[in-house]
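The residues making up each chain are set out below.
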Amino acid sequence: RKEVEQDPGPFNVPEGATVAFNCTYSNSASQSFFWYRQDCRKEPKLLMSVYSSGNEDGRFTAQLNRASQYISLLIRDSKLSDSATYLCVVKPSSGSARQLTFGSGTQLTVLP
Amino acid sequence: GAVVSQHPSWVICKSGTSVKIECRSLDFQATTMFWYRQFPKQSLMLMATSNEGSKATYEQGVEKDKFLINHASLTLSTLTVTSAHPEDSSFYICSASYGPLSNYGYTFGSGTRLTVV
Numbered sequence: 067r068k069e070v071e072q073d074p075g076p077f078n079v080p081e082g083a084t085v086a087f088n089c090t091y092s093n094s095a096s097q098s099f100f101w102y103r104q105d106c107r108k109e110p111k112l113l114m115s116v117y118s119s120g121n122e123d124g125r126f127t128a129q130l131n132r133a134s135q136y137i138s139l140l141i142r143d144s145k146l147s148d149s150a151t152y153l154c155v156v157k158p159s160s161g162s163a164r165q166l167t168f169g170s171g172t173q174l175t176v177l178p
Numbered sequence: 011g012a013v014v015s016q017h018p019s020w021v022i023c024k025s026g027t028s029v030k031i032e033c034r035s036l037d038f039q040a041t042t043m044f045w046y047r048q049f050p051k052q053s054l055m056l057m058a059t060s061n062e063g064s065k066a067t068y069e070q071g072v073e074k075d076k077f078l079i080n081h082a083s084l085t086l087s088t089l090t091v092t093s094a095h096p097e098d099s100s101f102y103i104c105s106a107s108y109g110p111l112s113n114y115g116y117t118f119g120s121g122t123r124l125t126v127v
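Protein chains in written order, with our numbering: chain A, 67 to 178; chain B, 11 to 127.
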């Protein structure tokens with residue numbers, strides 16, 4: 067089983083749509099969770115961190131369910147500029163190497 | 011703050027030659043740098059972790075004699091792909107962690123697209 071699993075998509079949605087991405091992780095001791103965005107041929111960029119209480123940043127809402135080891139990202143009112151690959155990223159438990167584990171990414175295309 | 015500069019951004023080389031990729035931390039000291047490889051439509055795969063002043067730690071399946079990593083200073087880490095072959099064509103990205111272990115941040119270089127012909 068992969069450490070971080072995501073639905074690869076692709077998700078093709080019209081502008082203005084709401085779209086949700088899911089992610090599961092296998093290490094229950096994982097410490098922190100993030101969503102990164104990667105545009106084609108570019109480096110990943112941090113979109114937002116994910117907290118147990120859920121957090122929102124404009125049109126983006128992230129949720130974490132530690133009991134189910136499940137993370138989600140909701141994008142409301144999709145824009146053309148939201149087209150990218152969204153990576154679910156997990157930071158291991160404290161004390162281990164300073165590294166992140168990446169999901170394989172979910173590709174989103176927002177259509178006009 | 012916490013910027014990593016990576017270059018070249020792209021390189022085309024002939025099979026059998028070596029290519030060096032550099033990553034520099036511009037405004038912080040990067041004691042740990044990570045090198046990733048990403049094939050089309052796949053996720054970033056960690057190749058190795060490099061610590062300043064010591065040997066890099068390679069992930070399983072990554073040949074340390076083929077992918078030479080040097081981290082001689084707190085601001086510079088290099089990855090050399092030796093005797094490159096077409097199957098080494100990929101997107102290589104470095105990353106550095108900064109801050110305390112209890113709450114470290116993470117920043118990426120802009121990546122190097124390597125094409126071996």
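These are computed hints drawn from the structure, not numbers from a lab.
Predicted model, so just to flag it, every value in this text is computed and none were measured.
We put the CB at the ideal spot given by N, CA and C, even for glycine.
Any given hint might turn out to be false.
Claimed, not checked - The calculated label-pair distances, taken between Cβ atoms and stated as ranges, are:
{"hint": "1", "chain 1": "B", "residue 1": "F49", "chain 2": "A", "residue 2": "A86", "range": "40 to 48 Å"}
{"hint": "2", "chain 1": "A", "residue 1": "R142", "chain 2": "B", "residue 2": "E62", "range": "22 to 30 Å"}
{"hint": "3", "chain 1": "B", "residue 1": "K65", "chain 2": "A", "residue 2": "G82", "range": "49 to 57 Å"}
{"hint": "4", "chain 1": "B", "residue 1": "G115", "chain 2": "A", "residue 2": "E122", "range": "15 to 23 Å"}
{"hint": "5", "chain 1": "A", "residue 1": "G120", "chain 2": "B", "residue 2": "L78", "range": "22 to 30 Å"}
{"hint": "6", "chain 1": "A", "residue 1": "S118", "chain 2": "B", "residue 2": "P110", "range": "15 to 23 Å"}
{"hint": "7", "chain 1": "A", "residue 1": "L112", "chain 2": "B", "residue 2": "T92", "range": "27 to 35 Å"}
{"hint": "8", "chain 1": "A", "residue 1": "C106", "chain 2": "B", "residue 2": "P110", "range": "42 to 50 Å"}
{"hint": "9", "chain 1": "B", "residue 1": "Q70", "chain 2": "A", "residue 2": "P74", "range": "29 to 37 Å"}
Claimed, not checked - Derived lysine to aspartate or glutamate pairs resembling EDC-like cross-links, with alpha carbons at most 20 Å apart:
{"hint": "10", "chain 1": "A", "residue 1": "K108", "chain 2": "B", "residue 2": "D98"}
{"hint": "11", "chain 1": "B", "residue 1": "K51", "chain 2": "A", "residue 2": "E69"}
{"hint": "12", "chain 1": "A", "residue 1": "K68", "chain 2": "B", "residue 2": "E69"}
Stated by the list, open to error - Listed below are several chain B residues computed to face chain A (Cβ distance under 8 Å; list not exhaustive):
{"hint": "13", "residue": "F44"}
{"hint": "14", "residue": "L54"}
{"hint": "15", "residue": "V72"}
{"hint": "16", "residue": "S83"}
{"hint": "17", "residue": "S99"}
{"hint": "18", "residue": "S100"}
{"hint": "19", "residue": "I103"}
The hints, checked one at a time:
| no. | hint | verdict |
| --- | --- | --- |
| 1 | F49/B x A86/A: 40 to 48 Å | violated, 27 Å |
| 2 | R142/A x E62/B: 22 to 30 Å | violated, 43 Å |
| 3 | K65/B x G82/A: 49 to 57 Å | holds, 53 Å |
| 4 | G115/B x E122/A: 15 to 23 Å | holds, 22 Å |
| 5 | G120/A x L78/B: 22 to 30 Å | violated, 44 Å |
| 6 | S118/A x P110/B: 15 to 23 Å | holds, 22 Å |
| 7 | L112/A x T92/B: 27 to 35 Å | holds, 33 Å |
| 8 | C106/A x P110/B: 42 to 50 Å | violated, 34 Å |
| 9 | Q70/B x P74/A: 29 to 37 Å | violated, 23 Å |
| 10 | K108/A x D98/B | holds, 18 Å |
| 11 | K51/B x E69/A | holds, 18 Å |
| 12 | K68/A x E69/B | holds, 15 Å |
| 13 | F44 | holds, 6 Å |
| 14 | L54 | holds, 5 Å |
| 15 | V72 | violated, 14 Å |
| 16 | S83 | violated, 18 Å |
| 17 | S99 | violated, 13 Å |
| 18 | S100 | violated, 12 Å |
| 19 | I103 | holds, 5 Å |
The structure fails hints 1, 2, 5, 8, 9, 15, 16, 17 and 18 (numbered hints given earlier, in ascending order).
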